[in-house]
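So the protein lines, in turn, are chains A and B.
Here our numbering is used: the first residue of the first sequence is 31, the next is one more, and so on.
Here our numbering is used: the first residue of the second sequence is 31, the next is one more, and so on.
Watch out, some of these pointers could steer you wrong.
One copy or any two copies: either way a pair holds, since identical chains are not told apart in the list.
Within a straight-line C-alpha distance of at most 30 angstroms, the following computed DSS-like cross-link-like pairs (lysine-lysine) qualify [stated by the list, open to error]: (1) K372 with K178; (2) K372 with K246; (3) K178 with K246; (4) K246 with K217.
None of these hints come from the bench; they were simulated from the model.
2 protein chains.
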Amino acid sequence: MASEGAGAVGPPLGEMDLDEFRRAGHRIVDWIADYRAHPECYPVLSRCRPGEVRAQLPRAAPSEAESIECILNDFERLILPGITHWNHPAFFAYFAITGSGPGILGELLASALNVNAMLWRTSPAATELEECVLDWLREMLGLPADFKGVIADCASTASLLAIAAARDAVAPEIRARGMAGCDGMPKLRLYTSEQAHSSIEKGAMILGIGQENVRKIETDARFRMMPSALVQAIRGDIADGWRPFCVVATVGTTSTTSIDPVAEIAPICRDFGLWLHVDGAYGGMAAIVPEMRHVLDGCQGADSIVINPHKWLFTPLDCSALYVRDPDALQRSFSLVPEYLKSREEDVTNYMDWGPWLGRRFRALKLWMVIRHFGHEGLAARIRRHIELAQDLVQRIDADPDIEALAPAPFSTVCFRFRPSTLKALSGDARRRQACDEYLDRLNEAVLDAVNASGEAFLSHTRIRGRYAVRMAIGNINSDRAEVDRAWRLLRDEASRLDGEMRQEWRSAARIS
Amino acid sequence: MASEGAGAVGPPLGEMDLDEFRRAGHRIVDWIADYRAHPECYPVLSRCRPGEVRAQLPRAAPSEAESIECILNDFERLILPGITHWNHPAFFAYFAITGSGPGILGELLASALNVNAMLWRTSPAATELEECVLDWLREMLGLPADFKGVIADCASTASLLAIAAARDAVAPEIRARGMAGCDGMPKLRLYTSEQAHSSIEKGAMILGIGQENVRKIETDARFRMMPSALVQAIRGDIADGWRPFCVVATVGTTSTTSIDPVAEIAPICRDFGLWLHVDGAYGGMAAIVPEMRHVLDGCQGADSIVINPHKWLFTPLDCSALYVRDPDALQRSFSLVPEYLKSREEDVTNYMDWGPWLGRRFRALKLWMVIRHFGHEGLAARIRRHIELAQDLVQRIDADPDIEALAPAPFSTVCFRFRPSTLKALSGDARRRQACDEYLDRLNEAVLDAVNASGEAFLSHTRIRGRYAVRMAIGNINSDRAEVDRAWRLLRDEASRLDGEMRQEWRSAARIS
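Here chain A stands alone, though its shape is the one from the complex:
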C-alpha cells in the first residue's frame, strides 16, 4: 500500500472568501430592494446602441482575480445601461413577466445548493418537490389528477417534447430506425391554427416533421381555430395518403390571445386517434382564477398541456410546466439510461427520462416559494387585477372614436391601433382604403417607436390580418392603474402629435386630396 501524502500538491485553492461572499450578498440584496423600489430611475427599453456594451468590455478575460466589489461596480456602470427592464411596471411588451421576491430568493437558494435534478437520488427533495408543486398547480388550474407534470425551461421545449411523444406514439419505429429511408414510414402531418406560436413549427422542423407538414388551420373572426376546417384538413390529408398524428390547440395565442375551442377539438382528436397538445403557456394560467377556469374547458381531454409559471405566475425565468396524461409515452421517446446513470431505487421519478436534458436545475424551489408566499388567492387576485386593467382599457378603446380594437381581449393583452376619426372619411374605394391602411401602419409604428424611445413604457407590436397593431400586455406584478394610465396617455399624446406631423406629407405622397 503506497504511503499517503506521496506527490505534494501545493497550497490550498478553494472557494471565494466566505466573509467576502457575505458582504457582497448583503450588498446585492439591498441593491435589488432599492432597484425594485424605484424602477422609474431606469428607461424601460435600454437606450444602448448595438455594440455599445461590448465596446466597453475588455477583449480578454483577466488573468488575475478581481474583487467582487470591482465586479459589482462594473455591473452597475457597464451592464445596467444595457438592460431592458422586464421587471419595470411599465413593461407591456411581448408577454410581461415578473421575477417576484420569493421567486428570486428561491433561485438564490437553488443556485447555492446547485443540485442536478436528473435522478431521484441526486436530490430526492428536488424531484419530489417538483412533483408536489406541479400537482398543486394542476389542482389550482382545475386539471384532472391523471396529468403528471415536469418542468422544462420554456414552452418551446415543452411543446417540442409533446410533439416528439406524439410522433413516436404513432410510429414507434422512429426511435430506433429514424424517419428517413425506411419503407412504409408514414408521412406525418400536424395541425395547428394559423395563429399558433412559431415554436410549434420550429418543433416540427427540429423533429424532422417539416414546416410544410404543419397545416395551419383557418381561424374565425375571433382568431379561433375552426373545428370544421380542422376536420376537413384531416380528412383531405388522409385521402391523400398522409398520416395525421397531432393537433396543437392554443389557449391564449401570442398575437391576439385568442382561445381555440378545445372542447370541440378534443372529440375530433379522439375520433381520428390524434394526440392533442394544448399550448396554454400564457393564457392557461388564468384558470387559477375561479371565474376564468372556463378558459381550459376541454383540456381534460388533452394528452398534454403546457402552462408557464415564468409567464404569469410571478416566477423568475425559466419555469415551464408540461403536463402529460401518459408519462410512459414521454419516456418511450426520451428515456435512455447509460450504465453510469443507473440507480436502483424503485417507484421513483427520474426526470432525466422525461426529456432531452441531463443538467436540470432545481426549478421547483422557486415555484414552491412563490405559491406559498402569495397563496392561491393572492396569485388569483393579481391575475384578476391584470385582466381587469385590460378590460378597462378595452372599454376606453371602444368608447374612443380615434382608436380601433383589432381583436377581442379575453385576458390581459389588448391589440389596437390608432385610427384618427378624421381619416375615416377617406376610406372610400379600395385604393384609398389600401392607402389609408398603409398610412395607419406607418403611424402606429411611429407611435410605438416614440413611446418606447421615451423610456417610460415599452410595448411591442404584431400584425393582425395584415395590419400593424400596437399590443399592450399587462403581466408584471407591479403594473397597476397608474402605470397603465401613464402609458395610455403617452400613447394617445404621441398618436396626436405624430398624426399631425405625418398626415400632410402622406397625403401629398399618396396623392389623396
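The hints should help you fit chain B onto chain A, whose structure is shown.
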C-alpha cells in the same frame, strides 16, 4: 374620449414587501455562507427514502399567503434532508461540480433583472455580455477566433443543436419537407465512439435520425475512437447506400474520460465532407490550463464544440457553451421569426435564432462574475489541482496490490476496482475467472453502497469492458487533499471489511475451494 378611471379596479396588489425581501435576503445569504463553511454537518448523499419528502408536504397549495420566515423554516426542516449535497467537497460522483460564490451572486442578480435574452433589444447587455464572455472562454481554451458561441442549458441540448445543423446542412430540404415520405431523402448516419455519452444517441432519436443510425465506432485499449475503424464504417455505409453526415468525437468521455484523437478524426471528416462535432463538456475545460491545452488538439478543425462552465468552471447550473464555426448553419435550422418578435436593429445577434428556445435566462452574467472573480490563472490553478489530486490517486492505485486501475485517467476522474491480491491465485481457468469477476462486481458495488450510505462521501460507478468500476470524479472547488484522503481511507476500509464478510459465502456459493 372615455373618461379615465371608468371601471374601479380595487385595492393595490403588488410585489412582496421590500423590507421583508431585504430581511429574508440577508438571512438567506448568511445561511448560505454558514452552509458552505460547514458542509460536514450534512450527509453527502441524502438519506431520504422514496416518498419521504413528499409525505411531509401538503397535498394542496395554501389558499392564503404565508410568511417568508415560515417558508424558510420549512426549507430547512423539510427540503434540506432531501438534498444530495453537490456542493459538498466529498461529492465525487458523476462529474463533480461547483456553484461558486461569484456564480451564486451572478444568478441572484440575473433572477432579479429577470430579462429574457431572446432578442438583442430585450436586453442588449445580456446578448453582448454572452458574446463577450464566450469569446473570453474561447481564447482561454485556445480555440480559433472564428468559433462563435451561444449558451445552452446543458451539453445534451448543445449537441442536439449541432447534430440538427449537421443534418440540415447535408439535406436542407428537411426543414420544409421533413424526413419521411420524401423521394430521395438520404438515409443518414452519424458516427461516434462506443464510449460516447448517451446524449448523442438521444439527440439522434429526437431528430429523427434513429438510434440504429448512430454507428458506435470501436475504441482502442485506452478507450479512444479508432480512426481506422471510423474510415471503414464510413466507407462501408457509403457502399451500402447510406449517407454519412456527422461525426461526434469526445474529449473526456463520461465513463472513463478518454480522449478521442480529434487531430486524426478531423481530416477524415474533411475528406468525406462530414460535420465534426466535439463533445468536450467535461474534459474540454482542462484546456484553460496551459500545459493541458493539448487535449483540444485537432479541435481547430471541428465544426462545433461544446464545453460546460457548469461542469468544471465553478459556474452554477445551467451553463453550457456551444461554439460553432458557421452560425448561419445553426440559424438555417433554428431561425423562424414571427411578426411579434421582429425587431429592426441590424448587425446584432438575436440568440432566439440560434436554437429551439425562446425563454432564455441571462446566464452570461454568472459566468462573467466567475471568470473575473477567479481570473484565468485562478481558474487554471483550481483545475490543475484537481488533476494533481487525481494523478496522485493513480499513483497510489498503481502501487497497491489490492486495487486495479480500470482505465487511464487523463483528467481528474479515476476508475478502479478493488481486487484483493489474495483472490488473484484463484484466477486460473475461464470459469474461475468469470466467477472471480462476478464476485468483484458484487464486492465493489457493496463497497460503493457502504461508502455512500456513510454520508461522508458520494461516488458513482460505471462499467468498463463489462466490469463494475468505482469512479471517483474530483471537481468541486473545495475538494482538496483532506477530502480525497478521507474518502480513500473509507473506501479501502470498507473494501477490507466487506471482502472479509463476503468472500467465504461467495466461495461456497460458487463452489470454489
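To see whether the hints hold, each was checked on the structure:
In this assembly of identical chains, K372 and K178 lie within 30 angstroms of each other by CA distance solely inside one copy; the values are 23 angstroms within and 35 angstroms between copies. Proximity of K372 and K246 under a CA criterion of 30 angstroms is satisfied inter-copy only: 20 angstroms between copies versus 42 angstroms inside one chain copy. Within a single copy, K178 and K246 get their C-alpha atoms as close as 29 angstroms, which meets the 30 angstroms cut-off; across copies the closest is 35 angstroms, which misses it. For a Cα distance limit of 30 angstroms, the shortest separation of K246 from K217 qualifies both inside one copy, at 17 angstroms, and across copies, at 29 angstroms.
The structure agrees with every numbered hint stated previously.
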